[in-house]
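Trainee: Protein chains in written order, with this note's numbering: chain A, 1 to 231; chain B, 1001 to 1331.
Source of the hints: derived by calculation from the structure; they are not laboratory data.
From a predicted model like this one, the values you see are computed outputs, not experimental measurements.
All C-beta atoms in this analysis are idealised placements derived from N, C-alpha and C, irrespective of residue type, glycine included.
Take these hints with a grain of salt, some might be off.
Unchecked claim - Derived contacts from chain B toward chain A, CB cut-off under 8 angstroms, selection only: (1) Leu1051; (2) His1056; (3) Leu1058; (4) Pro1064; (5) Arg1066; (6) Pro1067; (7) His1068; (8) Leu1080; (9) Gly1081; (10) Arg1126; (11) Trp1236.
What the hints assert, rightly or not - Stretch-level coverage of chain A by chain B, calculated; a stretch enters the list once three of its residues show a Cβ under 8 angstroms from a Cβ in chain B: (12) 75-81; (13) 87-95.
As the list claims (entries may be wrong) - A few chain B positions that, by computed beta-carbon distances, are all more than 12 angstroms from chain A: (14) Ala1095; (15) Ala1101; (16) Gly1146; (17) Val1189; (18) Ala1220; (19) Glu1278; (20) Ile1306; (21) Lys1322.
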Amino acid sequence: MEFIWDVVRDALEVLSAFGGELREVIWLTLIVSGVATAIGVVIGVPLGALLGIGRFRGRGLLTAIVNTGMGIPPVLAGLLLLLLLWNEGPLGSWGALFTPGAMIAAQALLAIPIAAGVTAGAVRGLVPDAHETIASLGLRTRGRVAVAIREAWPGVIAATAAAFGRVVSEVGAVLVVGGNVEGETRVLTTAIVQESRQAEFGAALALGIVLFAIALAVNGVLTWIQLREPR
Amino acid sequence: MTGLVLEAVDRPLGSGRLRVDRLEVPDGETLVLFGPNGAGKSSLLRIAAGLGGRRHHLAAAYLPQRPHAFRGSGARTLTLGLDEEAVARAEHLAADLGVSAVLDRPARSLSGGERQRIALARVLARPDPVVLLDEPFAPLDARDRGRVASVVARSLEGRTAVVVTHDLETAVMLGDRMAVMVDGAVRQVGPVDEVVRLPLDESVSGVLGAGNVARGTVTAVDLPLAAVDLGEITAWGIGDAAVGDGAAAVFGAEAVTVFAGRKTGAGSARNTWPGRVEGIRPLGRLVEVVVDAGVPVVALLTPGSIEALQLHVGSAVTVAVKATAVRVVPR
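Let's have the full structure, built from the sequences with the hints guiding it.
Mentor: Following this line, the structure appears as structure tokens:
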């Protein structure tokens, strides 16, 4: 028990010191995971709504791909992107490997299927009368998708929360394509891995507490948005 | 525009099949689809709307059976999918239907009747020449029905329409012709009055009940009664109508009493008409008697009564209907 208390005390010390290094890591985490979530939502939510309302060829296949994507191991997504961005890879000339851009791309790959899958479920779960009435509005596909998204609003917020939760907590993808370069591509999760490996448990726990606080704050805001929408 | 034609419909419906070879609605006419629950009326209407297949191609202004109230204000639910001109029409219709005042409230907080009227305004405002309404008055209070019905009737003028209902008054108010559906098939199609008066067989009369629908003009009002001039006779019945209105007198065949011979002042019945038996035919366990009293009047009697009254084609009779058994339906 003594050990645990020591770690907690160390963690609190790290937090109270709150140096520039920690600030940088937090900042990069928010940027990378925030932008990746945004991309995931902007692409994934309409895609999911389309899957939820749509009657089109290939819907089953697309749904299967999305559902599989929801469970893809982050490290595998990172590996696939690594192969693309590697010097001799098809996109090697971009020189994007080991940059925050690559990390955003990797996390967006994880966020899109989550956002799409949760949204599709929410839209499919709308009462049949809602589907029938949406079909009766005479809107083009884009319009029907927009109406369905608004109608499934709490589900869309849940999709956003799930996407952010997925990317902010993952370590495999950002580690593989970002490389955990101190001051450049180090985020909270990769920093925790680093500190743990070096037995700097106080620092690791401090980073963990920050990560948890971020998750709490983001979900607090999302919950507030979710409940604010008039019924 | 050439109206609406449904052809070669054959698909599963519950445990049976929905089978319609051909059902035509001439341009500008309103067809009422009448029948019990599960007869396939709504399914047929969805097919007409273009929503019956795997792919949707909305081909008409279509009011689903339970239109959804969307998130946001009533005004949003009113105007979704409408262009600028249609929005203006929808707002007018909403005013006529008495829901203008609730449009800024959240649609989901509105009553079923208010939601239904908003949905009706949206659908009727659409520019499509074909209008399809599934049970348009079902969630409405009896007190709102008349007003809503007259707005709908006015909006359907000149348009081709199909209205699903299992309410005879709605059918009489809106329909030019009526198709009776039973077990996924159309059993009888014809003018509303004719189908009501002369159901083809027991499957139709069982759904509709044999009855009388006679059209004319309101000539007198003695609240709560109104008198409808049917040509040679006048029928008194219950209903909100003004002198000069077009209206139909609707009454069930079982409400008609038949006396042998010519009788005057028969009891308290305001409607006592002399006539002559025109036809007698069995309808299930009862017998349908058609009396020519200036207009055809259908009565349902037991075989025993037929015998006791010694009725046969050509018999002079008097028919009587209590005014309280007659509904005066504006048209």
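Trainee: Need the list of violated hint numbers for this structure, in ascending order.
Mentor: 11, 12, 13
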